[in-house]
Every structure is written in structure tokens, then in C-alpha cells.
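Protein chains: 2
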Amino acid sequence: MLKKYWQERGALIEERLEMLLPAESVYPPAIHQAMRYSVLAGGKRLRPLLVMAAAEAVGGRWADVLDVACAMEMIHTYSLIHDDLPAMDNDDYRRGKLTSHKVYGEGVAILAGDALLTYAFEVMAATKAADQGRLLRVIREVAEAAGTRGMVGGQVVDLESEGKQIAHRTLEYIHRAKTGALFRASLRAGAILGGATEKQLGSLTAYAEHFGLAFQITDDILDIVGDAQKIGKPVGSDLKNQKVTYPSLFTLPVARKMADDTINKALGCLEESGLQSAVLRALVEYLAQREH
Amino acid sequence: MLKKYWQERGALIEERLEMLLPAESVYPPAIHQAMRYSVLAGGKRLRPLLVMAAAEAVGGRWADVLDVACAMEMIHTYSLIHDDLPAMDNDDYRRGKLTSHKVYGEGVAILAGDALLTYAFEVMAATKAADQGRLLRVIREVAEAAGTRGMVGGQVVDLESEGKQIAHRTLEYIHRAKTGALFRASLRAGAILGGATEKQLGSLTAYAEHFGLAFQITDDILDIVGDAQKIGKPVGSDLKNQKVTYPSLFTLPVARKMADDTINKALGCLEESGLQSAVLRALVEYLAQREH
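So the sequence lines, in the order shown, correspond to chains A and B.
The first sequence lines up with residues 351 to 642 when you count with the numbering used here.
The second sequence lines up with residues 351 to 642 when you count with the numbering used here.
What the hints contain is simulated information worked out from the structure, not anything from laboratory work.
One should not assume that every hint holds.
Unchecked claim - Some chain A residues judged to face chain B by a derived CB distance under 7 Å, without partners named:
#: 1; residue: R490
#: 2; residue: S587
#: 3; residue: L589
Stated by the list, open to error - Just so you have them, the derived chain B footprint on chain A, three or more residues with Cβ under 8 Å:
#: 4; region: 375–384
#: 5; region: 494–502
We treat Cβ as the ideally placed atom computed from N, Cα and C, and that holds for glycine.
Please construct the entire structure, taking both the sequences and the accompanying hints into account.
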């Protein structure tokens with residue numbers, strides 16, 4: 351079921367991203383090439399999927415949230431481009447391809463990230479179908495999740511923690527802020543635009559928080575036991591960068607158990623919401639068996 | 351008249367920026383210190399002033415556009431932080447102080463820019479007093495002006511042109527995109543939120559375009575004849591970076607004449623608009639005699 355949904359929705363997202371991003375020939379071409387190179391590198395499109403699934407779960411229409419879904423992928427991609435820079439994680443590969451600064455140089459890579467972040471807000475603000483009050487709320491929440499109380503804050507602490515022994519509390523902060531906040535904002539954006547009640551929104555937010563944590567723990571596990579070919583980057587990079595991870599802090603079997611528990615909590619929140627969403631259920635269950 | 355207005359409005363802008371930016375102690379402190387360091391370094395606040403003056407010119411209230419005005423200053427500051435990076439212009443001083451990456455390191459400087467850009471959109475979307483439709487239009491236009499059809503596009507071509515001989519047409523594109531677009535968006539944001547008619551908006555947009563060009567030409571002139579103390583950065587940096595400028599392309603006297611002509615065109619557009627704005631008139635006249 352999930353596979354079919356993912357393929358169908360994924361194709362719609364790819365097509366829409368293709369259309370929204372300026373063509374490579376648009377002046378100045380270097381920046382548009384760099385934007386397209388990173389966005390159209392074939393990610394899992396998990397955040398856009400969550401936007402659409404959340405909207406549909408509360409009775410909204412996927413077509414009405416497609417552009418906001420694409421905007422979330424642009425913000426996610428901008429964060430990857432900047433995280434990969436020499437001044438940050440200094441990574442050469444991402445999604446199986448050379449990173450942006452390796453292809454376009456540091457200057458253009460920084461600007462491509464800037465441009466994607468900026469364009470995401472333009473795309474959101476230009477959304478036609480949406481209720482204006484809800485749309486403004488979504489823009490505000492997405493910006494909050496991408497800023498220093500979310501993604502940027504997490505990246506700062508991650509940067510400061512490299513090569514240091516950090517406490518479980520700090521590791522949790524990093525993940526909640528760096529990856530969790532954007533998952534949470536994706537779920538909430540879809541739910542708000544789809545017309546969720548505040549009670550439904552509360553349960554979906556709790557689901558999203560567990561989803562984000564489970565994603566991160568399984569990501570850490572994959573960096574040890576995964577297949578580099580499937581992940582699209584070398585395994586063992588956390589070890590190389592001396593990053594504290596769930597398996598390094600708790601051992602691999604305990605980290606697996608934590609992932610399973612977190613997935614079960616997410617499923618519990620979904621049940622509590624009273625919403626019938628086979629997709630949201632399947633999406634979090636997939637994390638237990640993901641290979642990339 | 352302008353001096354008093356600038357002092358009064360400037361103080362309101364400083365106070366509001368102080369309040370909007372998270373305190374230095376907010377976790378993680380490094381990023382909030384870096385954001386405050388660059389924004390509160392005492393710029394001219396020209397873009398926020400233009401937002402407020404435009405709103406008042408069409409009968410709006412300055413208090414209703416104060417947050418959007420501050421957001422424009424955050425976007426402007428983000429662009430300065432990223433432009434100064436080693437991968438871009440590699441500048442050590444800005445507004446008389448060390449640049450962000452010199453104080454906080456490249457990683458945090460990149461993130462401080464990212465955070466300011468993101469926060470600007472959060473602040474705009476959270477604006478209370480505004481008509482929601484107008485606010486969404488402003489967010490869309492500001493994003494467009496900051497993106498690849500504006501600021502980022504101009505910076506890309508600027509980066510590609512360093513050390514090269516470029517045509518007048520390319521120089522014009524760089525300035526229109528890199529600095530002009532944000533001046534234009536500031537004027538339009540204030541006018542739209544203030545309730546301008548489409549005809550008024552058209553005249554103010556033309557005014558803004560001439561304003562932006564005059565600003566850039568006088569900026570180029572200052573880099574040759576200015577006082578480093580007053581400008582807050584070394585003079586002659588364009589020469590050092592082998593940048594093509596109006597004086598280098600046309601000689602100093604011709605560039606001065608071009609600045610005067612452009613200022614007169616801006617004044618003509620203001621007259622055409624039928625709006626009584628002594629402030630907008632004084633602001634563009636000030637460019638002819640600016641010292642920093």
C-alpha cells in the first residue's frame with residue numbers, strides 16, 4: 351500500500367519541483383543549475399509526503415498542499431547544501447552525487463542554499479487555494495522550525511559538539527532541532543492547511559515528534575549497518591566525524607529497541623487522534639525497516 | 351527635516367530590532383550573539399526607513415509596517431554577512447567592525463545569515479495589524495527580490511565578474527539585482543501595506559528603481575573619494591577587488607552627473623505620483639551629498 355502511494359505521490363512531487371524551479375537556462379544560469387542539481391538529485395521526498403498525508407488524513411486535498419510540500423523539500427535541500435560545506439561537515443558526497451560545493455564551488459553553493467530557502471517562502475506565499483489566515487500561520491511555523499529554535503539551532507550545537515563527548519540531553523536537542531523540527535512543521539503544515547481541529551493537530555504533532563526521533567535513531571543505525579550504495583553516501587561517516595550517535599551512546603541493540611519503542615509511541619498518537627490514516631501508519635512503520 | 355525624521359524613526363527601528371532579535375543568552379547562544387552582532391552594528395537603516403516612508407506617503411501608519419521594516423533590515427544584514435565570507439568577497443571589516451566570520455568563524459557566520467533570512471519571514475508572517483492578502487503579497491514580493499531574480503542573482507553575477515572587464519549592461523544588471531531589488535521591495539512593501547492604489551504603486555516603484563541606481567552610483571563614488579572612518583570600511587576596496595564600477599567605467603565626473611540625473615528622475619516619479627512626501631523627496635536628495 352505505502353509503496354504505491356509513495357510512487358504515485360512521489361511522481362507528483364518530482365513533476366511539481368521540476369516545474370517550480372527555474373530552468374537551467376534562466377539568467378544567471380549557474381545558480382539555477384546548482385539549485386536544480388541538488389533538489390532534483392532524487393531524495394526520498396519524505397517531508398513533502400508527510401505534508402500531503404497529513405492534509406489528506408484530516409480531509410484536505412493533496413493538490414491544495416502540493417506547493418507547500420515542495421517548499422519543505424527546498425528548505426530541506428538548502429540545509430543539506432549548507433551542512434555539507436567545508437566550514438560545516440565538509441562532505442563530498444550526498445544522495446550518491448558530489449555535493450554542491452564540489453561541483454559549483456563554495457560561493458555558488460552557499461548562494462544556492464540561500465536561494466532555495468528564499469524561494470521556498472516565495473512558493474508558499476504564492477499558494478493560491480489556501481485560506482489566507484492558515485497560510486500565514488504555516489509560513490510562520492515553517493520559518494520557526496527552520497530557524498534558531500529549530501534547524502539552524504540544531505546545526506549550531508551539532509557543529510560545536512563535533513569531536514566532543516556529549517550528553518544524551520544534548521544529542522536529543524540536536525536531533526529534535528536539526529531534523530525533528532522540520533518533520534513536525536511538515537505534518538503541521540499539511541494538517542493546518544487541510545483544516546485540522548486543534549485536537550487533531552495536537553495528536554499529529556505528537557506523532558510527528560516521535561516520527562522525527564525514530565527517523566534519526568534509524569538514520570544513526572544505518573550509518574553503521576547500512577549499504578553505502580543504497581544510502582548514497584559512505585557509511586561510517588559519523589564515526590569518521592567523531593559524532594555522538596544513538597548507537598555510540600547506547601550500543602546498537604539498545605538503539606534498535608529505542609527506535610521500535612518510539613515508532614510504537616507514534617502509532618499510539620495516531621490512534622489517539624481518531625484519524626484513519628493508513629499512510630501515516632505505514633510511513634512510521636517503514637522506519638523500522640528502512641534501507642536508506 | 352530629514353535629519354529629525356531619520357533620528358526619530360531610526361530610534362524606533364533600533365528599539366524594535368533589539369526586541370525582535372532573541373537575547374544573546376537564548377540557547378544556543380553563539381548563533382543569537384552572531385545575529386545581534388551584525389544587525390545591531392549600526393547601519394543606516396535605509397531600507398526600513400523606505401518601508402515606513404512609503405507607507406506614510408500613501409496614508410498608512412508607520413507602526414503597522416514597523417515589523418516588516420525590521421525584516422527588510424534582517425534580510426539586508428544576512429546578505430552582507432554572506433557577501434563578506436571568504437568564498438565571496440572575503441572582507442574583514444563592515445560598518446567599522448570585524449565581519450561575522452572573523453569573529454564567530456565561517457560555520458556560525460553562514461548559519462547567522464541563514465537564521466536572519468529565515469527569521470525575517472517569520473517576523474513578516476507574524477505581523478498582526480496587516481490585511482492578510484496584502485501581507486502575503488508582500489512576503490511573495492520580498493522573497494522574489496531576495497532570490498535569484500534579485501539579490502542572489504546579482505551576487506552570483508558579481509562573483510563571476512570579479513577581475514573581469516564587464517559591459518555597462520552587466521554592471522547595471524548586478525546593481526539592479528543585488529541592491530536595487532531590495533530597495534524596490536522595501537518601497538513596495540510599505541506602499542502595499544499602507545494601501546496604495548496600483549497607480550501610486552507604479553510611480554513609487556519607478557521612484558525606487560531610480561533611488562536604487564543613484565544609491566549604487568554614489569556608493570561607487572564614495573569608495574573612491576569617501577572617508578574610511580565615516581564609511582566604516584577601507585576605501586578603494588572595489589579597486590583592490592578589481593570590481594568594475596560606475597567611476598571606473600565612465601570616469602568620476604561622468605558618474606557624478608549620472609547620479610544627479612538619476613536623482614532627478616526619481617524626483618520626477620515622485621511628482622508624477624501626486625503624493626506629498628517630503629521624506630521620500632529628502633531621502634533621494636540626500637544621496638547626492640551622502641558621506642557614508
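| message | Hint by hint, where does the structure go against what was stated? Just the numbers, ascending. | response | When the structure is compared with the hints, numbers 2, 3 turn out to be violated.
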